[in-house]
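Peer 1: Chain by chain, the residues run as shown.
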Amino acid sequence: MSIRICIPLDSAAVALGADDVAAALAREAAKRKVAVSIVRTGSHGMHWLEPLIEVGGVGFGPVTAADVPSLFDAAFKNHPLNIGRIADHPFMKAQTRLTFARCGNVDPTSFHEYQAAGGLNGIGAAIMVGPAQTRDTVLTSGLRGRGGAGFPTGIKWKTVAEAKGDTKYIVCNADEGDSGTYADRMLLEGDPFVLIEGMIIAGLAVGAAKGYVYIRSEYPDAIRTFSKAVAVAESSGLLGAAAGFEIDVRAGAGAYVCGEETSMLESLEGKRGQVRAKPPLPAHKGLFGRPTVINNLVSLATVPAILADGAEAYAALGMGRSRGTMPIQLAGNVKQGGLFETAFGLTLGEIVDEIGGGTASGRPVRAVQVGGPLGAYFPRSLFDTAFDYEAFAALDGLVGHGGVVVFDDTVDMARQARFALEFCALESCGKCTPCRIGSIRGAETMDKIIRGERVAANLALITDLCQTLKFGSLCALGGLTPYPVMSALKYFPEDFDRPRLVAAAD
Amino acid sequence: MSSYSAWDEKHAGEIIDGLKSVDGATLPILHALQDAFGHITERAIEMIADALNLSRADVHGVVSFYHDFRRELPGRYVLKLCRAEACQSMGADALAATAKSQLGVDWHGTSADGRVTLEPVFCLGLCSCAPAAMIDGKLVGRLDDTALAAAIKQARA
Ligand SMILES: Cc1cc2nc3c(=O)[nH]c(=O)nc-3n(C[C@H](O)[C@H](O)[C@H](O)COP(=O)(O)O)c2cc1C
Ligand code: SF4
Ligand code: FES
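Protein sequence lines correspond, in order, to chains H and S.
Under our numbering, the first residue of the first sequence carries the number 1, and numbering increases by one thereafter.
Under our numbering, the first residue of the second sequence carries the number 507, and numbering increases by one thereafter.
Here chain H stands alone, though its shape is the one from the complex (with noise of 0.2 Å):
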């Protein structure tokens, strides 16, 4: 009998050298002349044990290639990177996991891994209720988008639905821009799938026949596994004319602000990313005019468990007006890296020190920035703070897709206000006057900030210049730049009066 060795095809697997690991596996079981088959699953999400192995449930890691001739002497049993089943890891069995439940478990593009571990359930129900029922369970479901701005995606479709029109469309946006955040990358590498399920159900209850997927060109494994999933999928006669349904899966081109749903719009139609005024809406009037449903890949991904399982069991979990699971990602600064699936509720404390186990570094706990670029940073006092929409939106930060980014000690507050402005400058689409000119002064003010130059007037300048782009700015880069920098501002004041000297560097 061969020995099923699970070794992840995961991004961040590989990049801490996964495939060495393969290899060297391959090679130690051929000299051996033990029967092994090498399988590439998605990860588990607990990165700091990466690479991660499992053999019979069991895992190892982190696994070099250095490892392996002891992990066969071990039979994979006893050995000191053994960390016991994987199901049973205190990591693991803290999770609630709905969207995330088959990744890491699964070949990803194995159509039949897929529907042996539940996968097609969602359609099934979908096709059986109809569109108008299934727009209603997404939408009692209290799914909300997790894209960013947390909108709720069963009155989206129900717009879409409503629209008139022969074509609509299904936009999966994994642009996934934001600094701490890889739910969307981890999905397409490791249960690429479910993402086709969601959009195909979302087709089915708004009358779209042709979706796009817009995957961030920094994600080139990503881009290759899902492309693969579509054409396992369209030869298994799930995708394609004759099932109704087609995804063509796009390329992005290094652009943050094409994260933004009508900068992707015209993105896709092959222009410049300048966001579109609002009205129209993209649900009336979208990719080539049509009536287009735009949803973040965690959102789309999230319904063919939520038409599996019933909108009354995702409803039940999660706090207020934040229901379901969030996959919480574990960024920076952290001994515990990884994605978290869990129900809305837990503390910003809870998570950084409890799951995330604090600093890598060792040190302290600093500053925590939530939501990526945009989100605002928290300090420690404010760690009672629940993961909820609204808890977070009545702090002047946001939830967004869902990335903690930890910091330690050693962080200067002064130089993270900068580096925000600097980022809105950089990718600023170039529509409004405080984002295209106003970051890019802001910069230059925290410059003379950092040098300790007239540091009052000059913080003075600094909070008239986020009122401006505040209330000045079409789209949320300019409009909630100012998150970051007024935040590290409040609560770290003492980061902004401390003349130093500035890294030539710059």
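I should point out that these hints are in silico values taken from the structure, not numbers from a laboratory.
These numbers come from a predicted model, not from an experiment.
Glycine is no exception: its CB is placed at the ideal position from the N, C-alpha and C atoms.
One thing to keep in mind: the hints can contain errors.
[As the list claims (entries may be wrong)] Which stretches of chain S does chain H cover? Using the computed rule of at least three CB atoms under 8 Å from a CB of chain H, they are:
#1 513-520
#2 544-556
#3 630-638
#4 641-655
Model the placement of chain S with the ligands on the given structure of chain H, informed by the hints.
Peer 2: Relative to the frame of chain H, chain S with the ligands by itself:
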């Protein structure tokens, strides 16, 4: 190591013909041309404009909007270092400073020997194993000074 073909108008024409009928063909064509030739030439812009019935200025506008598209051939190796927040929290700024001084370039520059082009990237989705880089298409997590120096040395050997 990147191995791009020299500009070949016939091949470029074939690439454009193969893609021009897809909806919103501009980006797919630009990606395909850059994959083949390493950059977008002036002649390519003319050909795309002709094939898609656009003005040359339109195509220029698209090329210049997106960070990915290059107007000049890169060095033999492209070193992309992540500059975004999660990587900053793990020392990305210091790594970038090291790379710049070792290569004698700023962002987007190519070392004088033509070997290495240094490019910034804003997140590779490897934020849980920061700092991250893409060294000639290969992903690297938990990059440190030693690994960076080794990569640069290998690229310039
Ligand atoms: C500058 C900017 C960048 C954005 N980037 C993304 C992104 O990478 N992924 C995403 O899903 N949504 C992103 N959004 C939000 C989208 O505009 C949109 O709200 C979302 O795709 C809708 O899907 P959802 O309702 O399922 O969240 C971004 C918004 C802005 C203003
Ligand atoms: S705020 Fe910035 S990115 Fe958004 S539309 Fe205006 S210029 Fe473009
Ligand atoms: S922030 Fe560097 S990989 Fe995401």
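Peer 1: Now look at each hint and say whether the structure bears it out.
Peer 2: Hints versus structure:
Chain H is given as covering the segment 513-520 of chain S, and this is violated because 0 residues of the stretch bring a CB closer than 8 Å to a CB of that chain, at least three being needed. Closer than 8 Å: that is the beta-carbon criterion, and the segment 544-556 of chain S has 0 residues meeting it against chain H, so the requirement of 3 is violated. Three residues within the 8 Å Cβ limit are the bar, and the segment 630-638 of chain S against chain H gives 8, so the coverage statement holds. Under a criterion of three residues with beta carbons nearer than 8 Å to beta carbons of chain H, the stated coverage of the segment 641-655 of chain S is upheld, 5 such residues being counted.
Hints 1, 2 from the list above are not met by this structure, while the remaining hints are.
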